[in-house]
Structure formats: structure tokens, C-alpha cells
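Visitor: Just so you know, the protein sequences line up as chains A and B, in that order.
In this note's numbering, each number is its position in the first sequence, counted from 1, plus 37.
With the first letter of the second sequence counted as 1, position 294 gets the number 274 in this note's numbering; the numbers rise by one all the way through.
Worth flagging that the hints you see were computed from the coordinates, not collected in a lab.
Heads up, the beta-carbon is just placed ideally off N, CA and C, and yes, glycines get one too.
Be aware that a few hints might be false.
Covered stretches of chain A (chain B as the covering partner; in silico rule of three or more C-beta atoms under 8 Å from a C-beta of chain B) [said to hold, decoys possible]:
hint, segment
1, 106 to 112
2, 115 to 128
3, 132 to 140
4, 144 to 157
DSS-like cross-link-like pairs, simulated, lysine-lysine; straight-line CA separation at most 30 Å [what the hints assert, rightly or not]:
hint, chain 1, residue 1, chain 2, residue 2
5, A, Lys116, B, Lys239
6, B, Lys138, A, Lys192
7, A, Lys116, B, Lys26
The lines below spell out each chain.
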Amino acid sequence: MLCDVCKCNDAAVFLTQIVDGKMQKVNLCEGCSKEKGVQDPTGFALADLLLGIGAAEEIEKGGSSTRCPVCGFTQADFKKTGRLGCSSCYVAFGEGLNSLLKAMHKGTAHVGKLPARAQKSLALSDRMKTLTENLRKAVQEENYETAAALRDEIKQLESQLTESK
Amino acid sequence: MKFQNLMASTGEWLRGEGPHHQVVVSSRVRLARNLRNRAFPGWAKKAERTLILELIKPRVEELPEMQEPFSELLQDLSALEKQVLVERHLISREHAAKSAGSAIIMNRKQTLSVMVNEEDHLRMQSIRSGLQLRQAFKLVDKVDSALEAKLDFAYDAKLGYLTACPTNVGTGMRASAMLHLPGLVLSELINQVIQAVNKIGLAVRGLYGEGTEAMGNLFQISNQTTLGEKEDEIISRLNKVIETIIEKEQDARQVLVQKRPNTLWDQIGRAYGLLTYAHAMTSKEALNLLSVVKLGIDLGAFPEDKRLAIDQLFIETQPAHLQKSTQQKLNAEERDHFRAQIIRERLKSFPKPDISKVAREPEVTGNSEPEKNE
Ligand SMILES: [Zn+2]
Ligand SMILES: [Zn+2]
């Protein structure tokens, strides 16, 4: 049996994991198992390995663009390394990545920690919505004094929003 | 802090006696973070990696948790020194392979380590002794919050923290515990346990080697998924499974004591004999024998105050530690001799196994009342 990664040496390490009822199998040669850090408890997950093998095809099928406009990373690079080039690659290869993430994880959306920065801009944009709505009402009611005050506040908020970006 | 000082002191996680330390050696939580609009380390050119390092390193060093840190560029460490850090689980094997543009910063107690430009720009890791995943997370979460105030992390409203590898996206968190499971291995139940745990989306593997071939009966359990679940939920799920494994391990040990005492005392006696008298010992043999003696301590056959000596030998008999302490390069045969010599010296005052102590008070777990057994 040939190694799944280099496809030239005989496989010597056989791995099977069952993750959420799905069986994952990988056969590796001595060299690739070392290189992929199979012996390293901190780095290794079978899903990681599978990424380098089947994942790139998934992305191709997804019909996403072939090159990240920000960092120049290509689908072929992903196929080789199983890693992405930069955070914008998630946008560039978005569609294909989605089905991959779905297969790999519990869900498709993050529900964990929110950085304070994101929290703050979330609060600011909520406030912005309220102010804009109030302004619309004030103008409708021809309440020009209130409208002017609201415009000032919105301007201030806008500059805060761009700062927090 | 210099490398010498680091070598001289054992990490706190090894010395500590955390909860369930008879089965859970240590708990670790790692967070992966990246800077926005920068190529990930594997794709960035050397100049960009260096720039990223210069952005991150001072921010990490000024953290209150990092007073007088051990902070080194990977290019300034020898291959042997890097290997020592790997053997102590302070850096990953991948990180040890890095040089220009990568760094390691850790606190004096060796409980918090930050890798810069590993697979991600930042990998922050906290280690505690015993089962303390929540405490480990708390520290690394605090460090993350302090750093995000000064660094612009790549974060997406839908996908969460963006990482070089899609397997880490979302929380970027990997929580893991190192388990010592000689009871389950000796009673040949370990593969059953591994399969059951894999089925529920957690990974278990031998710390050195796979499955039943795990050396030193040491196993690592960790979460496989990082997206679609809160950090807290991931840790709760892990804790629950680990507690079940602890119970199974303690049950297996009790069954051995009661149903197969001869096999058990034979194993402990042989391990003691070989460790105290052998003149050549491979790393694998040493780990396996030390594991059996550790089990002997848990069961009461050796005095409790000998635990630290054994736990330290697990680390200090590893190849890079041996070579670092002799200050010379050793071939495999020389290493085996030197390893046996160190073990013999350390165990000079180690008492013989006393089985009568076990029969009188077979302590089942570290926390529960010892069961009386005539
Ligand atoms: Zn191969
Ligand atoms: Zn990119």
C-alpha cells in the first residue's frame, strides 16, 4: 500500500479515527509520518492530515476563485500544505471552504469568545441604528433642533467606529 | 532567564500535585491567533515574518504574567536546546524546526509559553498539573484579552478567529490532558476506551507511539473541533469524558489488585529490579518501567514522597535531556548506558516495593476515602 501523502513510498503507519461517526483513515510512510508530526502530540490531528489530501478537491468543487487577491496564495498551494496563506484566503476560497468546515467541525459559525474590539464595534453599530432611526423620525416630524443634535452625535459615532476598526 | 536556569528547574506543572494527579499528569490549553492582513507564517516571506515577530514579541514580554521571561529567538537556540524544550512540552516539534523569524517566550514557572510564528502568528499555551483545564484556559484567555488590546487579531464575525489551518478556525483553542493509564493498558481495555472517545469527536492517542504501543502508558486526549461550540462547552465536554476515563482507570487498577495480584506484583517487582540494577536501557524501556513504578506509588507499594523522583525521570531520561546534562553528543548505545546510570543513581535510596501496604489500604482514588479491604 502506498503512502497517502507522497504517493511513492510504502505506507508504514496506519491511522484510523472515528470522528462523530465518520471513519477517517490515513496510511503514511515513515518519512511523511515524521514530517506531518504524527508523533507529536501537540500538533497532530487526523483532520489536519486529511486536509492535505482530500480538502483541496473540495475547494475546487466549490468553484471559488483560484488565487487569493491579498496574499497570492493559490488552490494548488493549499493542496500542497493543507494551510491557508492569510486571513483573507477565508474570503477568497469561502464557498469551497464552507463545505470543508461543515464536515470538519460541530457547526459552521463561531459562537465562542468575542474580542473586545468586535464587542465594542457591535455595540457602536447598534447605537448607530437607533440614532439613524431617531433622526429619520425627527426629520419627518420637522423637529429640526433634535435632528441637528442627532446629526452631531452620529458624526461623532462615525469617527469612533472607524477608529475601532 | 538563561537556558541553564531553565534546565535546572523543573516546570511547575511537573512538581505540582493537581486534582486527580494519579491519572491526569497535566492539562494544557492552547489558543491560536493571527494578525489581520498579514500572511500566515508558513506563507510569509522572511522579511514579513521578522516584521510580525517585532510587532508581537515586545507586546508579549511586557505582560505582567511574563516577568523576567525566558525569551529566545529560535535561530539562537541549538538543535539540542530546542529538543529539550520539545521534551518538556514547552514548544511543539513544528516550532523546533523553525529558525529565522520565530521566537519562544515563557514565564519562569514554565506554566505559560507563547510561540511566535509557529503555524500561526501566535500560539499561547498554559500548562497545569493534574486536571485543571478550566484554570489553564483562564490564564491563557486573560493573556489573549491583554494582547488583543494592543494587536489587531484576524477575527471574522461568522468564522471567529482565523487560523492558518481550517481545523483550528473559530475558537482557535486546543485543550488537552495527558493521562497515565497503566491499569487500562494492563487489562487490555485501552483500545475500547480510545474507540469510544474517538466516536464522540475527541482525539486520544499515545503520547509516544500509537494505541496499545503507547510508551509509558501515557495518552493525550484533546478536542478535535473548534468551530460551532463555545470554549466553555468544549472544556466541559472534555472534563466529563476525562472524569469517566479516570473512573475506568481506577476500576481497572482495583480489578488488577483483587483478581490478578500476582501479575501486578510481578510487573512492579520486575520494573523495580530492572530500573535499580540495569546498565543499559532504551528510552522506550525506561518509560514503560517508570510507568509501572508510578502505578506502584499510586497503589501504595512505594512511599508517596518518591513520586517526584519518578516523574522527573520521565522527562530527564529523554534523549536531548540526557545529552544536555552530560554536555556531550552521545550515540544511541552511550545514551542507553548513561540513561541506566542516571536512573540507578536516582533510585539508590528508593525502597523495595512493599506489597503489604497495598493489601491493607488499597486507596482507590486520590480524593475518595480509602476502602477497607480484609
Ligand atoms: Zn509518504
Ligand atoms: Zn490570502
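Visitor: Each hint should be assessed against the structure and marked as holding or not.
Guide: Results of checking the hints against the structure:
1. 106 to 112: holds (count 3)
2. 115 to 128: Three-residue rule met by the segment 115 to 128 of chain A, so holds; n is 9.
3. 132 to 140: With 3 residues in contact (Cβ-Cβ under 8 Å with chain B), the coverage given for the segment 132 to 140 of chain A holds.
4. 144 to 157: Since 11 is at least three, the answer is holds.
5. Lys116/A / Lys239/B: 53 Å, violated
6. Lys138/B / Lys192/A: 28 Å, holds
7. Lys116/A / Lys26/B: Judged against 30 Å, a Cα distance of about 22 Å means the pair holds.
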